[in-house]
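K.L.:
Take a look at the letters that make up each chain.
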Amino acid sequence: MDEQIENDGIVEENKAVTKVERKRQRREKKQQLRANEAQKQRTKRVVVWGLVASGLAGIIFLAVNLSEEQSGSTGAVVEGVQIRADDWIKGNPTAKVVLVEYGDFQCPACATFSKVVEKLSSDYGDRVAFVYRHFPLKKIHRNAEIAAYAAEAAGKQGKFWEMHDILYEGQNDWSESDEAKKLFTDYAGTLNLDLGRFQADSEDKDIQEKIDDSYTEAVELGLTSTPSFILNGKKIEARSYEQFEQLIKQELGEGN
Amino acid sequence: MGVQIGLAVIGLFLATFLVAENLRGAIPPCSLTGGCQTVLGSKYAQVGPVPTALFGVIYYLLLAVIGVAYLQGKQRGWLHLSLRLTAVGAAASLYLVYLQLFVIKAICPYCMTSAAVCFLLLGIDLILWWRYLRSS
Numbered sequence: 038m039d040e041q042i043e044n045d046g047i048v049e050e051n052k053a054v055t056k057v058e059r060k061r062q063r064r065e066k067k068q069q070l071r072a073n074e075a076q077k078q079r080t081k082r083v084v085v086w087g088l089v090a091s092g093l094a095g096i097i098f099l100a101v102n103l104s105e106e107q108s109g110s111t112g113a114v115v116e117g118v119q120i121r122a123d124d125w126i127k128g129n130p131t132a133k134v135v136l137v138e139y140g141d142f143q144c145p146a147c148a149t150f151s152k153v154v155e156k157l158s159s160d161y162g163d164r165v166a167f168v169y170r171h172f173p174l175k176k177i178h179r180n181a182e183i184a185a186y187a188a189e190a191a192g193k194q195g196k197f198w199e200m201h202d203i204l205y206e207g208q209n210d211w212s213e214s215d216e217a218k219k220l221f222t223d224y225a226g227t228l229n230l231d232l233g234r235f236q237a238d239s240e241d242k243d244i245q246e247k248i249d250d251s252y253t254e255a256v257e258l259g260l261t262s263t264p265s266f267i268l269n270g271k272k273i274e275a276r277s278y279e280q281f282e283q284l285i286k287q288e289l290g291e292g293n
Numbered sequence: 018m019g020v021q022i023g024l025a026v027i028g029l030f031l032a033t034f035l036v037a038e039n040l041r042g043a044i045p046p047c048s049l050t051g052g053c054q055t056v057l058g059s060k061y062a063q064v065g066p067v068p069t070a071l072f073g074v075i076y077y078l079l080l081a082v083i084g085v086a087y088l089q090g091k092q093r094g095w096l097h098l099s100l101r102l103t104a105v106g107a108a109a110s111l112y113l114v115y116l117q118l119f120v121i122k123a124i125c126p127y128c129m130t131s132a133a134v135c136f137l138l139l140g141i142d143l144i145l146w147w148r149y150l151r152s153s
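Listed in order, the protein sequences are those of chains S and V. Going by our numbering, the letters in the first sequence line up with residues 38 to 293, in that order. Going by our numbering, the letters in the second sequence line up with residues 18 to 153, in that order.
Quick caveat, the hints were computed from the structure, so don't treat them as lab data. Mixed in with the good hints there might be a few duds.
[To be verified] Capping the alpha-carbon separation at 30 Å, the derived lysine-lysine pairs in DSS-like fashion look like this:
hint	chain 1	residue 1	chain 2	residue 2
1	S	Lys-81	S	Lys-67
2	S	Lys-272	V	Lys-91
3	S	Lys-56	S	Lys-81
4	S	Lys-286	S	Lys-133
5	S	Lys-81	V	Lys-91
6	S	Lys-133	V	Lys-122
7	V	Lys-91	S	Lys-152
8	V	Lys-91	S	Lys-218
9	S	Lys-77	V	Lys-91
Since we're looking at a predicted model, the values are computed, not measured.
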């Protein structure tokens, strides 16, 4: 009897143990589920943010690439661009390769490119003719025309390229200045020009006509921006010294 | 909010392009019609040594991230933060547009598009906020 009771007690105890055990298992299962759910959430978040980050990085990469991609190329053929008697030429005037620039002294890009052309002319000056023609964008650059007059006036005294360089170097000073003319006269002074003659030539009708003609010609050639470069009759798009060099080498037959 | 993310991506693209141009020192050519070079070559294109467009890049990045964060839990805080940011962005854009129209007197299409995107973003966030207030 006593034994029986004892046994019952053990059974009871066992029952209790399994109850506790079952409860514990249920709890564990729940926790497991919850953990799985949390894990899933976490994975989802990682995936979403991973996609977002790579998407945004992709956009940035694309934009940077687009900015860099605009490389040197040869464009449409432009008719009738031969060297003329009244052209300003640097380098070898009888060279078979001719690079014509249509420039605007008040255009910041032209100032930048003038350095490139400078280097090109010192490296290829013996084999290439570098021509500068005026395309003053008077609609957006208020002092572009009078700057061109000043360059031509200096040219009358044999200092066109010197004035060309000074105008680009001092572009920031005179671009939006009401005193531009006075500054140009100062530049003429530093070039030791005859100032009376310089000022008279700056107002000269022939010079103004030459620049008007040059402007009209540029528009008729279909040019819409400065600087525009025409290499042996073909409009070219080049953004760096290397790109210019490559195109010039092609024309020289040195290709690569 | 999806629209906001889309707009932020467009803005991000524009701003990054402008920063890349600025850092490469490549000045776009002067065009008979456009005034990009005038704007991008002006002293307002940079704040000290930092290209102005870089602020745009950071701004659009933040907005895109906030947009995604909001979509995940629809928590009010993100919307509120976004609304405040777009208000600042629209105000900054208004100033930059003013500079182009009245100080530099030239217009850069990229910059104007970016400004338009900023105003749209503020509009969208105002609508979202108003809807939220009405629903609660």
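K.L.:
Keeping to a limit of 30 Å between CA atoms, is the pair of Lys-91 of chain V and Lys-152 of chain S held or broken?
P.N.:
This hinted pair is violated, its Cα atoms lying about 56 Å apart.
K.L.:
Are the Cα positions of Lys-272 of chain S and Lys-91 of chain V separated by 30 Å at most?
P.N.:
Given pair Lys-272 of chain S, Lys-91 of chain V is violated - Cα atoms ~55 Å apart, limit 30 Å.
K.L.:
Tell me if the straight-line CA distance from Lys-133 of chain S to Lys-122 of chain V falls inside 30 Å.
P.N.:
The given pair, whose Cα atoms are some 43 Å apart, is violated under the 30 Å limit.
K.L.:
Assess, step by step, whether the Cα of Lys-91 of chain V is no farther than 30 Å from the Cα of Lys-218 of chain S, and give holds or violated.
P.N.:
violated, 63 Å
K.L.:
What's the verdict on Lys-81 of chain S and Lys-91 of chain V, does the C-alpha distance respect the 30 Å limit or exceed it?
P.N.:
OK: Lys-81 of chain S and Lys-91 of chain V at ~16 Å, within 30 Å.
K.L.:
Taking only the CA atoms, is the gap from Lys-56 of chain S to Lys-81 of chain S under or equal to 30 Å?
P.N.:
Given that 30 Å is the threshold and the Cα spacing comes to 37 Å, the pair is violated.
K.L.:
Take the C-alpha atoms of Lys-77 of chain S and Lys-91 of chain V, compute the straight-line distance between them, and say whether it is at most 30 Å.
P.N.:
holds, 19 Å
K.L.:
Straight-line Cα separation of Lys-286 of chain S and Lys-133 of chain S no greater than 30 Å?
P.N.:
holds, 12 Å
K.L.:
Measure nothing beyond the straight line between the CA atoms of Lys-81 of chain S and Lys-67 of chain S; if it is 30 Å or shorter, mark the hint as holding.
P.N.:
Satisfied, since the Cα-Cα distance of roughly 21 Å is no more than 30 Å.
Going through the hint list in order, the structure does not satisfy hints 2, 3, 6, 7 and 8.
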